[in-house]
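There are 2 protein chains.
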Amino acid sequence: MLPFAIDRHSVVPIYYQIQQHLLDRIHRGELKPGDPVPPEQELSASLGVSRMTVRQALKSLCSLGVAYSRRGRGTFISGMKLEKNCRQVRSFTEEMQALGLRPRSKVLSFRVRPAAREVSEALRLRPKEPVIRLERIRLAGASPMGVESSYLPQRLCPDLLSQFDPRGSLYQALWQHYGIQMLFADETVEAGLASAQDSQRLRVPVGAPVFLFTRLSYVHGGQPVEYVKSVYRGDRYKIVNRLTRLNRALLTGGSGLVT
Amino acid sequence: MLPFAIDRHSVVPIYYQIQQHLLDRIHRGELKPGDPVPPEQELSASLGVSRMTVRQALKSLCSLGVAYSRRGRGTFISGMKLEKNCRQVRSFTEEMQALGLRPRSKVLSFRVRPAAREVSEALRLRPKEPVIRLERIRLAGASPMGVESSYLPQRLCPDLLSQFDPRGSLYQALWQHYGIQMLFADETVEAGLASAQDSQRLRVPVGAPVFLFTRLSYVHGGQPVEYVKSVYRGDRYKIVNRLTRLNRALLTGGSGLVT
DNA sequence: TGAGGCCGGTTGTCTAGACAAGCAGTCATG
DNA sequence: CATGACTGCTTGTCTAGACAACCGGCCTCA
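Read top to bottom, the protein sequences are chains A and B.
If you want the numbering used here, it's the 1-based position in the first sequence plus 453.
If you want the numbering used here, it's the 1-based position in the second sequence plus 453.
Careful: at least some of the hints might be erroneous.
The list cannot tell twin chains apart, which means a pair is met if one copy fits it or any two copies do.
Subject to a maximum C-alpha distance of 20 Å in a straight line, what follows is the list of computed SDA-like cross-link-like pairs (lysine to any residue) [what the hints assert, rightly or not]: (1) Lys512 / Ser522; (2) Lys682 / Leu696; (3) Lys682 / Ile692; (4) Lys485 / Pro677; (5) Lys691 / Gly660; (6) Lys691 / Glu640; (7) Lys559 / Ser652; (8) Lys691 / Glu571; (9) Lys485 / Glu548; (10) Lys691 / Leu665; (11) Lys512 / Tyr469; (12) Lys691 / Ala593; (13) Lys485 / Gly675; (14) Lys485 / Leu578; (15) Lys512 / Pro466.
Think of the hints as simulated: they come from the structure by calculation, not from any bench.
Work out the full structure, taking the sequences as your base and the hints as a guide.
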């Protein structure tokens with residue numbers, strides 16, 4: 454074991470330093486799937502911190518899915534790939550950048566309109582309350598990936614039309630100008646066929662397979678703030694999900710009560 | 454506030470009793486979305502337990518998504534629906550029963566075969582190691598929903614062919630006979646068009662929209678045990694996801710480009 | 001009016017212990 | 001050889017504190 458030293462004067466919490474150190478060792482291959490993590494007491498003693506602090510680090514690794522612990526036996530590295538965790542709320546921009554591609558947008562329209570019934574119901578607004586609609590073609594490099602229509606209550610971002618350059622990242626602008634950050638989103642996915650309009654915008658044949666997304670994004674506390682409908686090319690887009698069986702497992706960071 | 458009493462002699466941990474008590478109050482409507490939970494110190498004092506124990510209860514509520522806390526302000530009930538959590542690993546049987554439909558299966562084949570390359574690589578087996586293949590048409594009532602092919606290493610369930618009636622629930626049989634329980638699964642979804650064979654089996658026109666699923670299920674510790682490829686009707690199936698934004702920028706999963 | 005400082009309340013982090021419960025051996029006994 | 005008790009190690013739960021960081025409102029002062 455390397456003589457890993459805790460920086461007690463850092464602003465970074467100790468448990469977080471420990472967590473990062475263990476993640477590093479996993480990444481470097483020093484800890485392989487199935488390997489036991491050093492026991493809590495040993496870590497506690499060798500690092501000179503309380504056992505509860507070590508536990509907090511290990512617990513966070515467990516809830517990330519990187520490790521799992523078994524009472525009476527120890528804590529072990531799980532064989533899970535880090536790259537494939539639960540899907541996140543990410544903007545198109547973030548998603549493309551993570552893949553090393555250059556995200557671009559072609560703006561079709563950007564204006565204020567009274568909310569259609571579908572939109573006002575989803576966002577829990579009064580009927581016909583003004584919403585900002587941003588309609589964009591999404592491109593990776595030069596090739597079109599999908600068409601997106603976002604709807605935001607004008608009340609929450611009154612001067613977005615003048616503040617925001619619609620070719621940039623909407624999520625980034627919302628965060629910078631209004632402190633709005635999406636915390637989670639509910640998404641519905643359907644399989645469909647490209648319409649005549651889709652086919653023109655996405656440059657695929659009529660009847661080509663497409664994904665139809667409907668997404669409702671929420672901020673802290675469960676208030677919905679963005680409604681998105683989009684059509685993505687089925688030949689260039691793929692959904693990857695991690696499904697979990699027990700929510701209980703997340704609860705206590707390990708094996709909780711087995712009922 | 455009700456004089457809620459902790460049972461100190463129960464086998465149920467105290468933090469869990471507190472968590473359940475708060476969940477009850479939310480369910481009964483005493484605590485509504487946006488409401489603050491009593492502060493940790495107050496709970497700690499009124500229940501006569503340590504603050505760390507209260508914190509463990511609140512933390513578990515937060516990781517369930519039921520509540521969220523803000524430093525310096527308090528802990529609040531979030532507006533999230535419990536029923537709509539992340540997608541779960543569920544068998545077709547469980548999924549249909551949850552919707553109040555009668556799941557049925559028509560077995561197309563059930564036999565041992567050497568693993569194809571795609572299968573052996575996914576399940577991390579030796580090339581051509583024997584696997585059990587179960588091919589089924591899935592029906593809800595009388596109408597076909599999809600076609601599924603499951604692959605399991607024979608090593609893990611040697612006498613499954615004789616033990617298991619393939620018209621029943623595979624997951625239930627694996628749990629009862631071998632103690633195998635799927636803990637999580639990685640799923641890939643693509644949009645496609647029905648082939649001639651699909652169209653016959655699913656009773657849809659050739660070229661109708663379909664979902665193509667590829668699923669790899671894991672047990673405790675990350676060992677893969679089941680590989681499934683399936684085709685589902687796009688007109689009768691819909692995917693609902695809850696996406697979350699993770700605070701730490703470690704993970705880079707999600708939907709992505711076909712590479 | 002506006003800016004800055006202070007203060008009480010809240011969550012976040014951390015300590016140094018304690019006992020219980022589960023697991024895997026070893027060892028003695030039948 | 002089989003069985004059960006014992007022992008050492010590990011994680012799970014819990015305590016009674018401590019200080020730090022942060023928030024919002026209030027007050028003072030320019």
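Notebook entry, point to check: Any of the earlier hints contradicted here, and which numbers?
Noted result: 9
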